[in-house]
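Residue numbers (the numbering used here), protein chains in the order written: chain A, 231 to 459; chain B, 231 to 459.
To be clear, the hints were calculated from the coordinates, so they are not data collected in a lab. A couple of the hints might just be wrong.
Note that the list lumps identical chains together, so a pair holds whenever it fits in one copy or between two copies.
In silico lysine-lysine, DSBU-like type, Cα no more than 30 Å apart, as pairs [claimed, not checked]:
(1) Lys392 - Lys329
(2) Lys361 - Lys398
(3) Lys415 - Lys324
(4) Lys276 - Lys421
(5) Lys392 - Lys379
(6) Lys241 - Lys415
(7) Lys324 - Lys276
(8) Lys329 - Lys398
(9) Lys347 - Lys398
(10) Lys415 - Lys398
(11) Lys392 - Lys299
(12) Lys241 - Lys421
(13) Lys398 - Lys244
(14) Lys361 - Lys392
(15) Lys241 - Lys392
(16) Lys329 - Lys244
2 protein chains.
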Amino acid sequence: MADAGWPGCSKSLKGVVLDMCGVLYDSGEGDGVALPGSSPSVEALKASDLQLRFCTNETQATREKFVAKLQRLGFDICVSEVFSPAPAAVAVLKERGLKPHLLVYDGVLPEFDSVDKTNPNCVVIGDAAEKFSYQNLNEAFRVLINLEKPVLFSLGQGRYYKETDGLKLDVGVYMKALEYACDLKAEVIGKPSPMFFQSVLNDMGLQPSETLSVHSTSSVLGLHTSHQF
Amino acid sequence: MADAGWPGCSKSLKGVVLDMCGVLYDSGEGDGVALPGSSPSVEALKASDLQLRFCTNETQATREKFVAKLQRLGFDICVSEVFSPAPAAVAVLKERGLKPHLLVYDGVLPEFDSVDKTNPNCVVIGDAAEKFSYQNLNEAFRVLINLEKPVLFSLGQGRYYKETDGLKLDVGVYMKALEYACDLKAEVIGKPSPMFFQSVLNDMGLQPSETLSVHSTSSVLGLHTSHQF
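Assemble the whole structure, with the sequences as input and the hints as a guide.
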């Protein structure tokens, strides 16, 4: 089936990029649950000649905490294999000499430790959840509106996600709010930004044509079942 | 000047619609301040043959409280002359048999006393200010996303406004947030919605060509200075 779907794939394929939430595990109370077959799939990929990286738009925790959770769920994953928006944002900020005002979840703040945040000349928002108060959004807005050339980075652009106590608004909703307030277009860092995928490819030293991105459970289970690796 | 700007205006003009904030007064601490010349302008208009109505996108107070403030500032204005989004929304809700989930400032809630709010099948948002918490916005979102045909009404679509302690995000920002979250287009009630202006014209029994809308201080002072009325 895989051969029919991707002609020549098995010859040119050199790397795999796996989404995490919804592919490896489902979020929920505590650590969430590993999806059936996903941990053996990761093991099979690691035992193959393929390079393997993981992608997540998780912006409520540092990669360290996030990876520790995945390890508790039984996955053989290390921090250097995981790509998330916050470190990507830090790289962009440093490259462009920008100093951020952060509106992010407390848990992810340590990712920004190395960044100068005095006299901010841009705003970075993540999935700040309860921190998306009227006051905090006003504060981010005022930073932007007072800049000669306002720059807004959004760590992802999700609309909403499900938690055990119901649906929750995601960062994309607040990105749209600030875009309208300041009449600007945010720069999205994270999935599905091409720049974000490119940074993963760069890390593997591969071309897009040599890489397979897996975004849903059915694909990963399919890969496992068909014993491609 | 007015004659040159609006040829034939003085012959066909039968009514005037005045914006309030920025035309009659500037908001600020307490009641704010009346703008110079605006109170005599209102008196002159009232003494003329012209019909006079007032428009506001104020959605933090009932018209009663709002008009009382204007009276304290020296204006001869009564509630029946003032058009604001909340009563217009109530009319729309009743006409369409809709039951709202309200995300509005507490001060404006009495305007919705006559509306059935059980098992809501639409959402109405106003300038809710501090009530635009993450939790309250999630709640409004969940109502919308669970409806077969989600309907969102926004009382105005302002981006931000100035208060004595700085700029504040306005309802339009949260309208955009919910529009993106639910992939819908809100129905705006209030300025600059044509439906809203039409309701004012209907009340006067006038056509648009017979009416002058005044949206800025300079116009109102200009009218006063040129003694058109």
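Going through the hints against the structure:
{"no.": "1", "hint": "Lys392 - Lys329", "verdict": "between (32 Å within a copy, 26 Å between copies)"}
{"no.": "2", "hint": "Lys361 - Lys398", "verdict": "both (13 Å within a copy, 17 Å between copies)"}
{"no.": "3", "hint": "Lys415 - Lys324", "verdict": "within (21 Å within a copy, 38 Å between copies)"}
{"no.": "4", "hint": "Lys276 - Lys421", "verdict": "within (23 Å within a copy, 60 Å between copies)"}
{"no.": "5", "hint": "Lys392 - Lys379", "verdict": "between (35 Å within a copy, 21 Å between copies)"}
{"no.": "6", "hint": "Lys241 - Lys415", "verdict": "neither (41 Å within a copy, 47 Å between copies)"}
{"no.": "7", "hint": "Lys324 - Lys276", "verdict": "neither (32 Å within a copy, 62 Å between copies)"}
{"no.": "8", "hint": "Lys329 - Lys398", "verdict": "both (29 Å within a copy, 23 Å between copies)"}
{"no.": "9", "hint": "Lys347 - Lys398", "verdict": "both (29 Å within a copy, 23 Å between copies)"}
{"no.": "10", "hint": "Lys415 - Lys398", "verdict": "both (23 Å within a copy, 20 Å between copies)"}
{"no.": "11", "hint": "Lys392 - Lys299", "verdict": "within (18 Å within a copy, 45 Å between copies)"}
{"no.": "12", "hint": "Lys241 - Lys421", "verdict": "within (27 Å within a copy, 62 Å between copies)"}
{"no.": "13", "hint": "Lys398 - Lys244", "verdict": "neither (37 Å within a copy, 51 Å between copies)"}
{"no.": "14", "hint": "Lys361 - Lys392", "verdict": "both (18 Å within a copy, 23 Å between copies)"}
{"no.": "15", "hint": "Lys241 - Lys392", "verdict": "neither (38 Å within a copy, 62 Å between copies)"}
{"no.": "16", "hint": "Lys329 - Lys244", "verdict": "neither (37 Å within a copy, 57 Å between copies)"}
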